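Asker: Take a look at the letters that make up each chain.
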Amino acid sequence: MATDAPPPSQEQRALPTTEEFTEVQQSAEFGELRRAFRSFAFPLTIAFVAWYLLYVLLSNYAGGFMGHKLFGNINVALVFGLAQFLTTFLIAWWYSRHAAAKLDPKAEAIKSRMEGGA
Amino acid sequence: MSPVQQTFLAANEASEHRPLIITLFAVFVVATLFITVWAGRQTKDAADFYAGGRQFSAFQNGLAVSGDYMSAASFLGIAGAIAIFGYDGFLYSIGFLVAWLVALLLVAEPLRNSGRYTMGDVLAYRMRQRPVRTAAGTSTIVVSIFYLLAQMAGAGVLVSLLLGITSDAGKILIVALVGVLMIVYVTIGGMKGTTWVQMVKAVLLIGGTLLITFLVLLKFDFNISDLLGSAAEKSGKGAAFLEPGLQYGATGTTKLDFISLGIALVLGTAGLPHILIRFYTVPNAKAARKSVNWAIGIIGAFYLMTIALGFGAAALISQEEIIESNPSGNTAAPLLALHIGGVDSAWGAILLATISAVAFATILAVVAGLTLASSSSFAHDIYANVIRKGQATEKEEMRAARWATVFIGIVSIALGALARDLNVAGLVALAFAVAASANLPTILYSLFWKRFTTQGALWSIYGGLVVAVGLVLFSPVVSGDPKAMFPDVDFAWFPLKNPGIISIPFGFLMGWLGTVLSKERPDAGKYAELEVRSLTGTGAH
Numbered sequence: 001m002a003t004d005a006p007p008p009s010q011e012q013r014a015l016p017t018t019e020e021f022t023e024v025q026q027s028a029e030f031g032e033l034r035r036a037f038r039s040f041a042f043p044l045t046i047a048f049v050a051w052y053l054l055y056v057l058l059s060n061y062a063g064g065f066m067g068h069k070l071f072g073n074i075n076v077a078l079v080f081g082l083a084q085f086l087t088t089f090l091i092a093w094w095y096s097r098h099a100a101a102k103l104d105p106k107a108e109a110i111k112s113r114m115e116g117g118a
Numbered sequence: 001m002s003p004v005q006q007t008f009l010a011a012n013e014a015s016e017h018r019p020l021i022i023t024l025f026a027v028f029v030v031a032t033l034f035i036t037v038w039a040g041r042q043t044k045d046a047a048d049f050y051a052g053g054r055q056f057s058a059f060q061n062g063l064a065v066s067g068d069y070m071s072a073a074s075f076l077g078i079a080g081a082i083a084i085f086g087y088d089g090f091l092y093s094i095g096f097l098v099a100w101l102v103a104l105l106l107v108a109e110p111l112r113n114s115g116r117y118t119m120g121d122v123l124a125y126r127m128r129q130r131p132v133r134t135a136a137g138t139s140t141i142v143v144s145i146f147y148l149l150a151q152m153a154g155a156g157v158l159v160s161l162l163l164g165i166t167s168d169a170g171k172i173l174i175v176a177l178v179g180v181l182m183i184v185y186v187t188i189g190g191m192k193g194t195t196w197v198q199m200v201k202a203v204l205l206i207g208g209t210l211l212i213t214f215l216v217l218l219k220f221d222f223n224i225s226d227l228l229g230s231a232a233e234k235s236g237k238g239a240a241f242l243e244p245g246l247q248y249g250a251t252g253t254t255k256l257d258f259i260s261l262g263i264a265l266v267l268g269t270a271g272l273p274h275i276l277i278r279f280y281t282v283p284n285a286k287a288a289r290k291s292v293n294w295a296i297g298i299i300g301a302f303y304l305m306t307i308a309l310g311f312g313a314a315a316l317i318s319q320e321e322i323i324e325s326n327p328s329g330n331t332a333a334p335l336l337a338l339h340i341g342g343v344d345s346a347w348g349a350i351l352l353a354t355i356s357a358v359a360f361a362t363i364l365a366v367v368a369g370l371t372l373a374s375s376s377s378f379a380h381d382i383y384a385n386v387i388r389k390g391q392a393t394e395k396e397e398m399r400a401a402r403w404a405t406v407f408i409g410i411v412s413i414a415l416g417a418l419a420r421d422l423n424v425a426g427l428v429a430l431a432f433a434v435a436a437s438a439n440l441p442t443i444l445y446s447l448f449w450k451r452f453t454t455q456g457a458l459w460s461i462y463g464g465l466v467v468a469v470g471l472v473l474f475s476p477v478v479s480g481d482p483k484a485m486f487p488d489v490d491f492a493w494f495p496l497k498n499p500g501i502i503s504i505p506f507g508f509l510m511g512w513l514g515t516v517l518s519k520e521r522p523d524a525g526k527y528a529e530l531e532v533r534s535l536t537g538t539g540a541h
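Read top to bottom, the protein sequences are chains U and D. For the first sequence, the numbering used here gives the first residue as 1, with consecutive numbering after it. For the second sequence, the numbering used here gives the first residue as 1, with consecutive numbering after it.
Calculated from the structure, these hints are not laboratory results. Check each hint, because a few of them may be wrong.
[As the list claims (entries may be wrong)] A few chain U residues facing chain D, derived, Cβ under 10 Å:
{"no.": "1", "residue": "GLN25"}
{"no.": "2", "residue": "LEU33"}
{"no.": "3", "residue": "ARG34"}
{"no.": "4", "residue": "GLY63"}
{"no.": "5", "residue": "PHE71"}
{"no.": "6", "residue": "ASN75"}
{"no.": "7", "residue": "ALA99"}
{"no.": "8", "residue": "ALA109"}
{"no.": "9", "residue": "ILE110"}
{"no.": "10", "residue": "SER112"}
Note that the structure is predicted; figures quoted are calculated from it, not measured. Don't be surprised by glycine CBs; every beta carbon is placed ideally from N, CA and C.
All chains, please: the whole structure from these sequences, using the hints.
Answerer: Structural data, given as structure tokens:
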């Protein structure tokens, strides 16, 4: 197997120092990035987990409601399950849009400054 | 005709076409070995072996993530669970999918930004390296072996259906074959070979599932309501078959089990090491995000089709035949292929062979991913950083990974024989519970909680791991149940089949407790590094 003479790895980039990291961590610019990320991702995570648990609990303890037929043999349980698929797709799309608009530009700016200065 | 005779006939029908089945298997095996050798030639350094050179595109990785994730549990297990228990089986599909949001929102990008090869890289980032890496390596290997067990059970099930073998010898033979192939894929092809095998498998699985879904819907004139109605009628359970509760609704305990399973499914994915290391194969965090989005699309489409597979099997095959063929329903999907083509026709046998080959490919690609994750973690976390204290060369590290692969392959072949009558989806759910109890709390605390300490990390990993595995050991999965691994003994005092409802909160609690009771202070400088790196990608590998 070709394991001899590995080419010089391009992964050995010089890291900024711990002091530089700490300085950036405490900067207003990074604070904004952190807020933009956490204030979006954390509540949304709680929301979709709660929405999913609601589905699990209703399946368990609200059999009559879940078994209610809406049309033909399609009942509430099936529609509720399909709604979980739909919300998963929507949340993934929504987060990606938020990340591209609000997170990526801030992250890029900090990264290029730190790596450029290192 | 009795169901036993029918299944026997089915197996006979299949065995007449055994050359076809074996040819399809062989084509897949030869093609993937070819890929593996080709990938092996391009595997030069550790970044190639562990992370496939980090040059896969977001779409390629999304496909490979799907191939890594949609296991025998998804294909054989869910279809079987729906075919037998109706709507309750569908919970797996929903939980397995929604879980991806945790990975997308909280884990994939920070992990890609701050780690290098393994989950342990992130867990140990700001902690004392040796103890935390040992813990991370241990839990990676335990989770992967639980998961491997399920895939091996699936492989044994397939061969008994295809070759009509009721003896154990045939099953052990195929389990050994799977084990040997996975050792070859991983030792030679590394992450590059494994990734390509997973991409090919994802395409085959989606293609095969689309075909069967189309044929099932065609039979019911694309009227889903009719399909559900026929399934309810043929199951003999009527409308209850389409409602939650058939499997889990019986008592208060089984209802708790349902909640436990539900929690384990939704929180497990983001703690599965073989999934997490896939994010290192793309150039940056943005590509990791895009690959999760591709995966959500592909996996979501697949799980939607499990409705057609599971209810289709229930509508077209008698319950007796499904259960006779495998008590947990694991053969429902291949049986459906046979029935939809016609039990006595060549077309039915061809479909059965095709779907079985797809299932075989599914199992191979997933076991390769699992073996890679555990041998990487052994080599990178335990061997290089704990045993050799960071003094090992890349070459030595990769050699250790290859030996670990051989060892894990042998262990999983040995364990595979034990689990063959358990529903493979249920087995995988155990791996999810262990991952959610031991790994997820530690990952989240590490990334987002400034005060988290080494002691907190160790308590949450070992606490979650020991409680989750311990409860499984004393659950009806292992003993005291006709379908248990050891049906003849009974030391089960924990009533639930899935430990998640206890072990996951326990993992989180121990992480918090270990931290507040620590005497050492967290390393603020290291947390600054981790936080800035994880959100911006500064200095990412």
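Asker: List, from low to high, the hint numbers that the structure doesn't satisfy.
Answerer: The structure conflicts with no hint, since it agrees with every one listed earlier.
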